[in-house]
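K.L.:
Letter by letter, the chains look like this.
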Amino acid sequence: MNSPHDPVTVTIDSRSLSAARGATILEIARAAGLYIPTLCAHKDLTPYGGCRMCIVEVDGMRGFPTACTTPAESGMVIRTHTAQLHEIRTEILRLILSEHPCSCLVCDEQDECRQYSATIRKAGVTTGCRYCPNDGQCELQEVAARLGITEIGYPVYYRNLPVHKDDPFFDRDYNLCILCGRCVRMCQEIRTAGTLTFLRRGPQTVIGPAFDRTHLEAGCEFCGACVSVCPTGALAEKARKWKGAAEREVTTTCPFCGVGCQVRLQVKKDEVVGALPAEDDLVNRGQLCVKGRFCIPEIVSHPRRLRHAYKLRDGVLVDIGWEEAATLAAERLTACPPEEFGLLVSANCSNEDLYVAQKFARAVMRSNNIDTTFRLAYGASCAPYVEHLRAPATLEDLRRAEAVIAIGLDTRFGRSVIGAELRKAFRRGARIVTIHHRPHDLAQIAAHWLRPAAGQEGELLRELMAATAPAARGGRGKTTGGADIAAAAGTIRESGRTVILLGPMLLDRTDGPDLLRAVHAWAAALGAAVMPLPSQNNFLGALLMGAVGELLPGGAAWADTAARDRLARRWQSALPAEGAQWNSSLVGRGPRRKVLYLLGEVIPNPRAGAETVIFQNIFHPPDLTGADLVLPAAAFSETDGTVINGEGRVQRLHRALDPPGDAAPDWEIVCRIARAMGAAGFAFGSAREIHEEIATLIEGFDAFDAPARAPHRWPLAECDLPAAASAPRSDGSATNPFLLLTTNLEHTHRGFAMADRVAGLSRLYPLRVVEMNPVDARTMGIADGETVAVTAEGLDRCWPVCVTAAQPEGLLHVVLPPGELDGANPRRVQVRKCHV
Amino acid sequence: MSDFTERVVEARRVWEELAASRVPVITIGTASCGRAAGALDVLAAVEDTLRELRLKARVMQVGCIGPCYLEPLVDITAPGRPRVSYGNVVPGRVHNLIESCLVKDNWLPKQALGHFGEAPLPELPETPRFFDLPMLRAQVRIVLRNCGIIDPDEVDHYLAREGYAGFLAALGRPPEAVIAEVREAGLRGRGGAGFPTHRKWEVCRSQAGSEKYLICNADEGDPGAFMNRSLIEGDPHAVLEGMLIAAYAIGATRGYIYIRAEYPLAIVRLRRAIEQMRALGLLGRNIQGSAFSFDITIKEGAGAFVCGEETALIASIEGRRGMPRSRPPFPAIAGLHGKPTIINNVETLGTLPHILRHGAAWYRQYGTQGNYGTKTFSLVGKVRRPGLIEVPLGMTLRQIIFDIGGGTRKKFKAVQTGGPSGGCLSEEFLDTPVDYESLTAAGSIMGSGGLIVMDEDTCVVDIARYFLDFTQKESCGKCTPCRVGSRHMVEILERITLGQAAPEDLIRLQVLAETVKRGSLCGLGQTAPNPALTTLRYFRPEFLLHVTEKHCPASVCRELIEYRVVPEKCTGCQRCVSVCPTGAITGPRSETHNLDPDKCIKCRACYEICRFDAIAGDAIIIRSKRSVPNELTP
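As they're listed, the protein sequences go chains A and B.
According to the working numbering, the first sequence is numbered sequentially starting from 64.
According to the working numbering, the second sequence is numbered sequentially starting from 3.
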């Protein structure tokens, strides 16, 4: 017998071919460039053998084995194209087409239809044209053309199934489905989400979530992996219908969170029509979450994109050119003393943008008053959170972990790529401990789901930390079943490599800073690595580029005079005389700014805190008169640059198309203003030139064209990141019946809530909606969708109610944009029905 | 071992005590077939009668002994006398039967079917031996030897009749020798395909690794087939002993019985039998002090026909949707949970104890070259004596249908072997020996053992449509030819039965059948067209009559027939008027009735009531709408 490692040699269509043992006939044929028609086979999925198009003849084997399922064995003699095979394949394809509306194969207008997508609205439902996305990606059309099918010869069955259009992002028309099972395998094998399955049998067989639920109800993550593999138009992106096939692809980094997934932007003419995961990438391994998969085109091609610069004159915005805009900005900024200047820059910007922005603040404005809105959202949690970013756990750590502790993390929508990794970890035997107060996706795979009582997350976490200490004695816990904590602690103690995932829960809480420090110490004691999972795609970059007043480019502290001197020499410029006097936690409560420059950021009511507001972003400002000068920025897809993800990997942004109208990259706008102010050192012609300057300051900040992309521990100096304390420290009157937990909205892009720009997302991330347990709602006589007034000391708000059993009794939950609400979190509140 | 031997001695004592019982023994067949015929009511009636007559007797429930047409069967054994069988016993007859036999000592010679004695009985001189009845005389009962004889819930009965002797014989030999014995015996899989059992075993045995599985396939799903159910209900330990032998031979440590949930009685019997095995030390670790450890789990199927296919069955046990996958890899190499797995049919397993007990040479005396041994069949349809039978392979269809089954009342037309996967064979094949190769050559298959006999009242187009409809509904939906192709075939066949088909449809049907047969993934799809292909081949004139003349010679296809009142015969009894659901038949009492064809929905109610109940009889006839030229009549 051959050894299991010997290659196999087979003869396919009288060609002798070799391949590794275990390869299927189809794989060998494909590698040799031989065409065998397939519909159900997909390179990432296990062989299925359902469509039967790839049948071949193999000497010595009975019948017609399928090339996709049959492993090659040495000496096999295989024929892939014989008259008999052609006859059977043609006949089978006719059978498929008899169930698939396929007028596109025989329609007189098929050429025009493909070219102009023009005839669709004239076509009837039973022809399939109405719901077929006609995106030029129909594999059925291709196989039919290859086999030369021009007529079907069977009566056509229109299955007359209802078209599912209720779910966000994609429609499902199972009348177009050929039951190849790719979506089911993708959902079960690769995503391990298990939303999709086959239902019923025989001619009634259909695909969908079990029990005919909607995708939303069935726990779908809307990762769109099923849509990507659908060989027909049965699963079709709503936003992409009839846009046709992409002309080119540009691989870049998704800007919507700190995981840093690689996406392939689908570009047609001057529009991004879609986004697909980069194949086999080392970060996301061919996966994306709902934001990366579906939201990019809707964000970058949004009708409210800024195309021109505007100035505010007599209460209205007036269209101006770049010349005037730069001059106007320079005028106001020149008149602004350093201590009265404030620059808020978005951590969604590239390193190059951030570097130029802080250079502008320091070298031109001579001010350290630069910050991101992170401190506005999370206040005192900021400093201990940054500690976790000095040595973050990597995805490789996660992929090797024996135990994973997830704190306040729900990966269903945001970070679902991490969720998929966790399910894979679960499948290979890793033990998962999850701490969350409500039902969430990780609960299904968790060895221990520790569910804290309302508001007791911190207490539970402390108990768990104590229980895992080597000297811990099995005392009974108070915050949840004590036995649960002891069992979870046992699991953690027994496991080797452990990774702690920091969900957003800790950051939001008033006791967050203490807990974050405690987790840091705990991780050190356990020998565990912590994955901080920042919600902003370039948060680490913002710190490293010195986009916070306390840190210099390269991560040195402002207080480090040697570093300060080096920087001054490199820039050939004087630096601010003072350290940072202002940061984003002072927005809305600090001293008034003379000029507030919002670079890719949005804050509530900016005019209240500033004399002049310069607003630079990709969308119009939320309040049209809230800015004196509005500058149009390029979106991430229209700019080159680099970003650093939560693991410390430097990754590229690639310009896929030109910015709309007058819009320009953020760095370019800043340079324009700096030059208008007569400053030297801002003559950058491209992001590459900026990158090269950064590289002279930061060791290991390597090549612009091909960054190493390896996780790197960037030096971040230990320094205080002071934050103004939230005004009322009291957690509300103890007699108030409800506990209100607020969560800062994470899913923002350049300060805008993504759900406001992408309709489908608003169904996944309800914003400013207070969630309430049905029992509480009944007691209060409140129905789903009604508005309630939530009041406490210093709080009086009206929000619509969403009644959901997921919410524990006595606990209310609301998601708010950063900076919208001050005060303790959680806090006790009163609720009454609001009669508006 | 000594414990077990002692237990066997004890079991023999129990069995002999029963044979020499001092009180009468009343034996009732209460397997599912008996219950369907009312055996539980009869059982209650027997117990009532015994109370009324203040008779002390032992009532024993047994499995199916075979002649289902005689159910419910009640056998009476008086002390010192052989057991005597009475058939079609309804509760109302029970009192008289027991009183006359056991009180009056009148053994009702006219009603007695047969006795179990050696010599003719003086009190019943005319009554034959039960096993000399025409239905049983030609049978060879090896697998079914205990069915209807022992109480399936009594492990002692099984032990007393050499139960587990085959397993102990196997355990005393190396596994390879067990496989060699089965190879010598020439045993082939009784599930339908007839693959040599030892070959699968050898492959599985030679696989590395200690984790292997044995699965008993009891997902009997063919319409009209009930051999496996009857065997499990009548003799569960035979199947379980077979599992022990197979598991020992292949080196499996864990076994599953995949059984349809629609067989509740069989499941109950198996559960009890498994408990008894445990108590006897026949399951668990180190069975009978050997190094062999084995345990059995029952997995109930959820009612999908395709789960009888072995890869779908495995998927179902694993908790996935029951859909077949392509082979290779074969389950013997990578099956349940990816481990080497052997799936044997109930009957294959039930045969093993006998081979191990008596040896391969003994087994080879039955059957023919290459097809040794016996096969059980459920003989059903238009045959006079339907039931469960076991015959040596190689017996002709004619012997089975006419000698055992008693032939058909009307003219024989066809026999369907192998259920929906098999084919319809015409009269010219009656002398075909029933073995794997001959049936395959004729275009049918052996299948698991369903034999459906049809007479001239059966329309073959309708039969083909029925089976195709069954398979298309049971298709798992995975592969295109089976899912879509069988649907198109059903539609064409439906059009033929509706008289809407064109001659090209027959060609289309043939092409489709070939495509589905050659293109489908699993056995279900590959064999689904067989009923259509064989009927097209052997009954083409009947298809042509439907297509060209719109005539159904069997008067079955509704759209092609009409109901008529024969004026000469009609007495005007109004029975038909009272049953007609649409008011199509009218007419005053004592005058010839009128049947309005526009209102008639061809429900057959009037026809049936006229045949069986009406004073006139046969005054309502079903006839073809069209007159037929003679040369086309088949």
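Treat the hints with care, as some may be off.
What the hints assert, rightly or not - Under 8 Å between C-beta atoms, here's a sample of chain B residues computed to sit facing chain A:
#, residue
1, Leu55
2, Gln113
3, Glu320
4, Arg323
5, Pro330
6, Gln474
7, Pro483
8, Gly487
9, Gly521
10, Val549
11, Thr550
12, Arg591
13, Thr594
14, Asn596
15, Cys602
16, Lys604
Unchecked claim - When the alpha-carbon atoms are kept at most 27 Å apart in a straight line, the in silico DSSO-like pairs for lysine-lysine are as follows:
#, chain 1, residue 1, chain 2, residue 2
17, B, Lys112, A, Lys106
18, A, Lys487, B, Lys341
19, B, Lys112, B, Lys58
20, B, Lys202, B, Lys301
No wet-lab data here; the hints were simulated from the structure.
Given the structure is predicted, the values throughout are model-derived calculations rather than measurements.
Glycine is no exception: its CB is placed at the ideal position from the N, C-alpha and C atoms.
K.L.:
Could you check if Pro330(B) really has its C-beta closer than 8 Å to a C-beta on chain A?
P.N.:
holds, 7 Å
K.L.:
Restraint: Thr550(B) near chain A, CB-CB cut 8 Å. Satisfied or not?
P.N.:
violated, 21 Å
K.L.:
Given Asn596(B) as an interface hint, is the shortest Cβ-Cβ distance to chain A below 8 Å?
P.N.:
violated, 40 Å
K.L.:
So if I understand the rule, the pair passes when the alpha-carbon distance is 27 Å or less; does Lys487(A) with Lys341(B) pass?
P.N.:
It holds: about 22 Å lies between the C-alpha atoms, which stays within 27 Å.
K.L.:
Holds or violated: the hint that Cys602(B) contacts chain A, with Cβ atoms closer than 8 Å.
P.N.:
violated, 30 Å
K.L.:
Given a cut of 8 Å on the nearest C-beta pair, is the interface hint for Gln474(B) held or broken against chain A?
P.N.:
Check passed: Cβ of Gln474(B) comes within 6 Å of chain A, closer than 8 Å.
K.L.:
Was the hint right that Val549(B) lines chain A, CB cutoff 8 Å?
P.N.:
violated, 17 Å
K.L.:
Would the hint on Arg591(B) be counted as holding, given a Cβ-Cβ threshold of 8 Å to chain A?
P.N.:
violated, 50 Å
K.L.:
With chain A as the partner, please determine if Gly521(B) meets the hint condition of a C-beta pair closer than 8 Å.
P.N.:
Hint on Gly521(B): holds, closest Cβ of chain A at ~5 Å, below 8 Å.
K.L.:
Tell me if the straight-line CA distance from Lys112(B) to Lys106(A) falls inside 27 Å.
P.N.:
violated, 75 Å
K.L.:
Given the proposed pairing of Lys202(B) with Lys301(B), does the C-alpha separation stay at or below 27 Å?
P.N.:
holds, 22 Å
K.L.:
For the restraint on Gly487(B), tell me whether the closest CB of chain A is nearer than 8 Å.
P.N.:
holds, 5 Å
Of the hints listed earlier, those the structure fails to meet are numbers 1, 2, 3, 10, 11, 12, 13, 14, 15, 16 and 17, in rising order.
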